[in-house]
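Asks: Residue numbers (the numbering used here), protein chains in the order written: chain S, 2 to 295; chain V, 1289 to 2095; chain Y, -1 to 164.
FYI, nobody ran anything at the bench for these hints, they're computed from the structure.
Note that the coordinates shown come from a computational prediction; the quantities given were computed from them, not determined experimentally.
Take the hints with a grain of salt, since some may be wrong.
Computed cross-link-like contacts, DSS-like style, restricted to lysine-lysine with a CA-CA straight-line distance of at most 30 angstroms [as the list claims (entries may be wrong)]:
#1 240(S) <-> 1856(V)
#2 1598(V) <-> 1302(V)
#3 1460(V) <-> 1856(V)
#4 8(Y) <-> 1606(V)
#5 240(S) <-> 96(S)
#6 1598(V) <-> 1563(V)
#7 8(Y) <-> 1694(V)
#8 240(S) <-> 174(S)
#9 1854(V) <-> 1517(V)
Restraint ranges, calculated between C-beta atoms of paired labels, are given here [unchecked claim]:
#10 69(S) <-> 4(Y): 36 to 44 angstroms
#11 1926(V) <-> 76(Y): 53 to 61 angstroms
#12 124(Y) <-> 213(S): 31 to 39 angstroms
#13 83(Y) <-> 1784(V): 16 to 24 angstroms
#14 1538(V) <-> 258(S): 54 to 62 angstroms
#15 1303(V) <-> 83(Y): 26 to 34 angstroms
#16 2067(V) <-> 64(S): 55 to 63 angstroms
#17 4(Y) <-> 1824(V): 51 to 59 angstroms
#18 2006(V) <-> 124(Y): 27 to 35 angstroms
Ideal placement from N, C-alpha and C gives every residue a C-beta, glycine not left out.
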Amino acid sequence: MKSASFDYVRPDTLDAVCSCLASHPDARIIAGGQSLVPMLAMRLARPSLVVDIAHIDELSAIRDDDDALVIGAMVRQATALSDPLVATHLPLLAKALTHVGHPSTRARGTVGGSLVHADPSAEIPLVAVTLGASLRIRDANEDFEFNAEEFFIGPMLTMIPPTACLFEICFRKPTSANVGTGFHEIAARRSDYALAAAAAHIEADDAGIVQDLRLAIGGISDFPQRLPVDVNIDLSAGKTNLGSNLTTAIDAALDSIDVVEDMHASASYRRRVAAELARRAVDDALSEIAQDLS
Amino acid sequence: MVHDMGSKPMRDKKYRFLSQPRRVVEDRRFVAGKGKYIADYDRADMAHVALMPCHLPAARIDAIDASAALDMLGVIDVVTGAELVAAIDPLMNGLDTPKVRRYPLAVGQVRYAGEWVCAVIAESRAIAEDAIEHIRLETTALPYVLDPEQALRDDSPLVHPDHNSNVLLDKKFVWGPVDDDFAAADHQLNFCVTWGRNSTVPIETFGVVAEWNAWEQMLDIRASVQMPKYADQIAHALGLAGNQVRVHYDIDVGGSYGVKRGIKHAVLIGYLARKLHRPVRLIEDRLENMRAGDAHGPERKFDVSVAFDKDGTVRSMKMRALDNAGAYAGRAPFQLGKPIGAIVGPYRIGSVAYQAISVTTNKAAQEAVRGFGQAPTNYALETAMDRVSAFLDMDRLALRQHNFIKTDEFPYLIPSGSTYDSGDYHTVIDKVMAAAEYPKLVATCNQLRKDGMMAGIGIATCLEPSGGNSSFEPLLNERNQTTTWMESCQINIDALGTVTARIHTTSSGQGHETLVSTVIGEILGIDPDSIRVVRPNSLESLPGNSPVGSRMAIMLGGAAARAAEKLKAKIIAIAAHHLQCDATRIDYQGGAMLSANGRHITWDDIIESAHRQIHQLPDGMDPGLASFDIMQVPTGGDLPKDGKVHMYPCYSFEFHLVLVAFDPIIGKPEIRSYTIGHDCGTVINPAIVSGMTYGGIAHGIGAALLEEFAYDESGQLMTQSFLDYLMPSSHEVPDIQLVKYCTPSPHTVFGQKGSGESGYLGAPAAISSAINHAVAGLDISFDKLPIRMSVISDKIAAATHHRSDSG
Amino acid sequence: MNITIDINGKNVSAAIEPRVTLLDFVRDVAGLKGTHAGCEHGVCGACTILLDGEAVRSCLILAAQAEGSQITTIEAVDGTARQPGELSVIQDAFCEAHGLQCGYCTPGMVLAAKTLLQHNPTPSREQVREAISGNMCRCTGYVQIIDAIMLAAERLQGRNQPANGA
């Protein structure tokens, strides 16, 4: 299981990366390599040039931009997981990161690499969609950005042009002091890619009225998707059991999703479990808020 | 956690080293990364091989054009099946199916997706893989068959048209008055269960390096192998004399558990080394290993009928076992034969009808896997016990206890001709129930159910036939008259008085060096850590049959003990001569001294006499201190008679008690509690036996829930990498409570039985039992392994939906 | 391309193809055979090494990516202080608990354990389970491996020392 031959470059600026990509239409960027290297080994990916972005310093930084936290594309998953800013401002990402691979792959795998790889079951894309993260991309000296919700278009398929490089991801910080999150995923083995996953990020005002409920699912369709759930939730009297309203809303939202099927799980399984995990994620998030309020 | 529950009689302390908590000799080199595995063996000028697969399940090979590949820099040769068939003999096959020929590469026809059609030899593995992409393979797709029942039908495509049938084996046995017992029984029930195709999948793939020395006319083979009569089979296929093939046994094998047979690989690489006059190496990559490494295990469908009385007495059983051998014969059909030696498990079932059918299909070839077919059979048997209990509304354990062979009934002759040596099943059950705090376990199960979980307790009892023999070969093939299945050991005490033992097999983690040094140390009364155990090559070795059939504690331990006893007798004779007394008066006190009548002689004096002072030896005694032993399997040696044969000498017992819980929607079984009672007679090294048992359970958890070589309808293997073939990680294996008990075997030197297959033989049945117990209230059941979480959830949802519809 | 990698405190230089993985570099170029190839696609963990002190899978890293990093393999698990034949505390604990059988996954397990105990000197069994969950073992069922790592943790804390101080 040896890769086909390729050339390798290690630019030290983002612009140099872009010019490598522009001159080699079948080049591939390597960040942590945790997804690309096995694809190379199985010859499922056959680039003529591999462009290593690990030596561009600014890609490895986590930056506090007042109302947002900006994570460099090259930030290792393990680094993000242990970062205090992430823990404070992006509790959902911190939760999800513990589910990403194993400690030994998180030590190498990057936040940006996981997003661009766009595995439908991956945790980081699901979080990005849930939180509506902005993916900032440079293409031929020009910067632009995608909202995560429009970035993923299919299994291992994104809007990023082949000549472009994701350089940072901007996550808006919560605007409310009362934030709750929930993340659940199910796989045959704990560390595998999820058969179904759900993430919830909820913000409530000081009276306990939910102002923002963000819920998304992954693993069951071609890419992670938001579940629009329009339900009024009032936590002022503490948290009660989730009403049937919410369950109905989740089921209804899931109805419009095309669910995939493979040898590991049927479509009906994925749909059923996604609904359950979505309920649990919301439940966790509301419990956190209720606890903070009490 | 290990509970040592002693033995009956309570474990005596007569052993100084045996059964004592001692370190495993081999571990030192392994923890330092200093094992000597096949991929670590480097040779200058070594050529590397990669194998080109064909991805059709059945196809005629019309042409192979390797010219572009051969033009590439670094490519040495490309060899096809057509070239091989002209140069070598087909691989040996224990069955009488001469038209089912197997060569290392496909010859004329491809018979499963992934089958190797040509070998590329190059200066590096990467170049060999590059070259494969430049070989043009022209094929015509042929009809194929994947399902074993379909393969039996007259209109099925034939995997081997020359054989004129897909049936490799179809044997019917009737042991005892089956029809009478069925007629007399109060009830009978029928069911079908299926054991999915899985395997042991060692973390090291198979590898082999061959070197041909034209001046000596010698083929040197180093391989990560566990295969009886390996050198003989290689020589046979290559048309070499037996003493022209030298297999080196001092290779550490990175796991095998039965599966690393590697015969087609060695024949291919041996052929290439001779042809090219260069060392040639093949280290399978994971894809080659999974698709076509001859490394799949049984895939077996059981149709079972049991006849039983109101009181729970199981009188008789009819079992039809249909095994999907895949595309070639290999050892697969014999894996239907070994379970005959324990066909009634630990139960007093008075008569059995057994039909063993092995068919070819267009799937990868199956080889030997841990237990050699016993684990699937145990799964079917234990399912029968659970179904009978449910039918009678009787406690599952009580039913088993009611049917157990009782301690005072040993030796116990079962209907198919084997005699069980010893056991105390009831006591093991009692001890496990106590250790697991069964009432608490039931309470936990009930509480989980109250909390909305599905929860069930699983039980399985089973036997591990051990002391590996091959009497199933003549039983299934009258023309095969093999009754010998020996193992051997040599010991030498050098002129400095230190002991070296030679064993004649590779090792794949079983701790043979520890086994042999412990046994010899025990008998000679010297520190086992001072004894060196070496594994020479096949030409320097005595005959043996490698660690198959859970046999090494019995057979290698037996041969080592007998060789040590011979040495000890010689030492005593020398001492008696010195001390001028009868040998019976000598008090042998280990390595220190021997005394009689207050006089003594030291170990050093004995060594001096044996090595340098023949004038001090008894008349006629040869000099030196060396011995050897070639040991036949105890109780083995008879040919079958009337469809019956005594199979293995020893029968270890295990009882699994597990609590499994899962959310009804998620369906993911979590093992909340796992206790196993294990009786393998006298234990030689406790840590080795515990480790094997835990490992066997982990492997069984995989077989029950996760692992399958699954093919899609177009004949493609869907689980050909570790991304889809799911082996349990540390998350999926719980802490396990191990309750040890010891009922010595009367047939072995120390009372030891085998344990190399322990855990695996009962874990799948126990987990299946627990899941089925959990869902029993929904009137559904799971009758195929692995039981995938999605299937559990889907079936529960369907049942619940059905109920709410009808209710 | 020419690359130089610091492996076990020594610079190893070679001209290699960019497609060479760190695993193949360690085994074939540096000649350190204690790092094992199991699946070559990043699942089994047999090829685990330490990169800048953290356990990683060497089959998932191109050798070229590792330039400038410090690699530690099983051959230098405890630095270079020990003599050949002398075991580190973790290795010794694996022997004591027989946390292995065939030895093929063992170097990876030892290194995963080392990383864990550096970050968390007093792990729970569950934390040990998580730390080795990316390292497949087909022999042991993990039970005695976890025992070994728990024992190593105790001994590194100065407790449960072997009686003879070995």
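Asks: Any of the earlier hints contradicted here, and which numbers?
Replies: When the structure is compared with the hints, numbers 1, 2, 3, 4, 6, 7, 17 turn out to be violated.
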